[in-house]
Amino acid sequence: MKKFIIIFTSLASLFSLCKPAFADDTPSWLDGFNVGGYSSAGLTLERDQEAQAALNEVSLLVTWNGDSRLSFFGELELENPLSWNDERQFHDQESRFDLERLYLDYNITEKVNFRGGRFLTPNSRWNLLHAPPLVWTSTRPLATSRLFPEGTNGVMVFGATPFMDGAFEYKIFAELLEDQEQDSDELAFEHVKGARFSYKNQSDIGISILSFREKGVDNSYRMLGLDFITHIKQVEVSGEFFQRFDTRNKDGGSGAYLQSAVPLKPLGFNNWYWITRLETLQRPDEASAERWLVGATWRVKPTQLLKFEFTGGSGDQPESPRGFLTSFALFF
Amino acid sequence: MHKRFLFLIVAIAMMLPTFALAKENQTIIAVVISSQQNASELNLSTKNLNLIYWRKQLFWPQGVQIKPVNLSAKNAVRIQFSEAILGSSPETQIDYWNGQYFNGILPPYSVNSEEAVLRYVSNTKGAIGYINACNLDERVQSLFWIMPSGETLKSKPTLQNCTK
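Chains as they are written, first to last, in my numbering: chain F, 1 to 332; chain G, 1 to 164.
FYI, nobody ran anything at the bench for these hints, they're computed from the structure.
Even glycine gets a Cβ: it sits at the ideal position worked out from N, Cα and C.
Check before you lean on any hint, since a few could be wrong.
[To be verified] Computed footprint of chain F on chain G; a stretch qualifies when at least three of its residues, placed anywhere within it, have a C-beta under 8 Å from a C-beta of chain F:
(1) 31-38
(2) 52-64
[Stated by the list, open to error] The calculated lysine to aspartate or glutamate pairs, modelled on DMTMM-like cross-linking and capped at a C-alpha distance of 25 Å, are:
(3) Lys233/F / Asp95/G
(4) Lys56/G / Asp67/F
(5) Lys47/G / Glu151/G
(6) Lys250/F / Asp204/F
(7) Lys233/F / Asp137/G
(8) Lys56/G / Glu169/F
(9) Lys265/F / Glu115/G
(10) Lys156/G / Asp137/G
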């Protein structure tokens with residue numbers, strides 16, 4: 001554990017010495033490095049369970065953009081570095097390193113780029129922006145983690161082009177290498193390929209198509225995903241819907257969520273938002289799970305969120321405990 | 001009664017320059033690149049400018065990295081540019097830039113003055129910026145003109161009220 005911290009701090013201090021390239025400086029390849037990251041910590045009072053507190057993760061984001069068509073991005077995450085509960089007190093037994101993302105991008109033309117490496121599967125808005133400082137709630141909608149692979153090792157072609165008054169983006173990808181290591185609670189997938197098309201204007205909408213095989217149940221699926229985020233007056237409304245199709249014409253499963261974030265400024269609570277979410281998940285041969293969530297989130301700073309939420313519903317899902325959760329998340 | 005009417009007239013008259021000033025605060029903006037750069041090679045449209053400032057298009061057609069530069073978030077020219085080209089004010093873009101940061105993409109470099117924009121654009125390969133059209137000089141060339149109405153022009157409009 002100590003070793004990990006030393007590596008983390010050494011890397012962070014090494015890269016923080018690098019500064020952005022200015023016109024008057026002689027650029028070196030080191031000038032293209034940028035290092036940042038995010039972290040979150042929280043307290044969970046789960047129904048019928050003991051209280052738990054944890055430093056959920058410390059993630060390091062490293063980017064490199066030289067003066068060429070090539071760029072690099074990596075995310076190394078230290079998961080659950082420190083946990084506490086009544087029984088085991090403070091411990092780091094669930095602590096582990098995870099290479100979340102590691103890829104090289106190459107610009108082919110202004111509208112076509114190539115990516116090779118490990119990246120987040122681009123089939124859900126939440127999956128692509130899942131960092132705790134970016135989302136209003138401590139828990140993730142079940143449908144965005146229990147129906148498809150969250151990461152893919154492979155290649156992707158992507159780009160953007162102007163369309164009407166907004167930007168049309170595409171991502172077409174295929175897996176080349178299966179995950180070599182798997183968490184015990186993680187679903188395993190293979191032969192992943194698909195595409196995502198999105199349009200950004202005043203509202204963002206996305207459509208994803210995906211094909212993969214789920215190892216545990218030994219079934220192949222095709223999946224359709226739809227997502228959107230928009231603002232109605234000051235209220236943010238977002239949602240996603242996924243439908244899987246079993247290639248043997250059995251029920252493939254489905255899931256969805258709908259969420260709103262209402263600013264509480266008119267009530268005198270500046271930078272506070274009232275959060276409401278409804279979600280559902282149906283996996284083949286499993287009982288369906290429904291969740292409701294109400295909570296309040298304070299945007300302490302543009303890069304910091306303090307969240308409080310109550311979650312209820314049916315079905316036990318370790319990713320979405322029912323009860324009270326609070327957490328603090330920040331970018332650094 | 002007569003006095004009250006007079007007072008009202010004076011009050012309205014005092015407010016008129018304020019309204020006029022509010023309109024005058026909106027300037028004609030010039031979108032600029034270095035005067036050394038061949039503008040025709042860039043094949044730039046206003047719609048591409050939207051992609052460039054959202055950092056969705058990162059390279060010029062010849063493979064040179066695009067280096068967009070912004071004025072600071074509270075600068076009136078920045079706000080006008082942002083609303084005309086990106087359709088929103090800088091303060092409402094926080095979530096978007098946090099999301100981009102998570103994916104390794106940093107927002108455009110930000111500077112505090114139009115002189116700094118001129119220096120950055122003229123000395124940095126691949127740079128693009130914007131300034132009040134009255135502050136144009138020989139170090140840069142203008143590709144577009146953004147009118148106070150939000151309309152974009154390719155040809156130079158008549159510049160009024162430039163003090164220099």
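Check: If you check each hint against the structure, which ones fail?
Finding: 1, 6, 7 and 9
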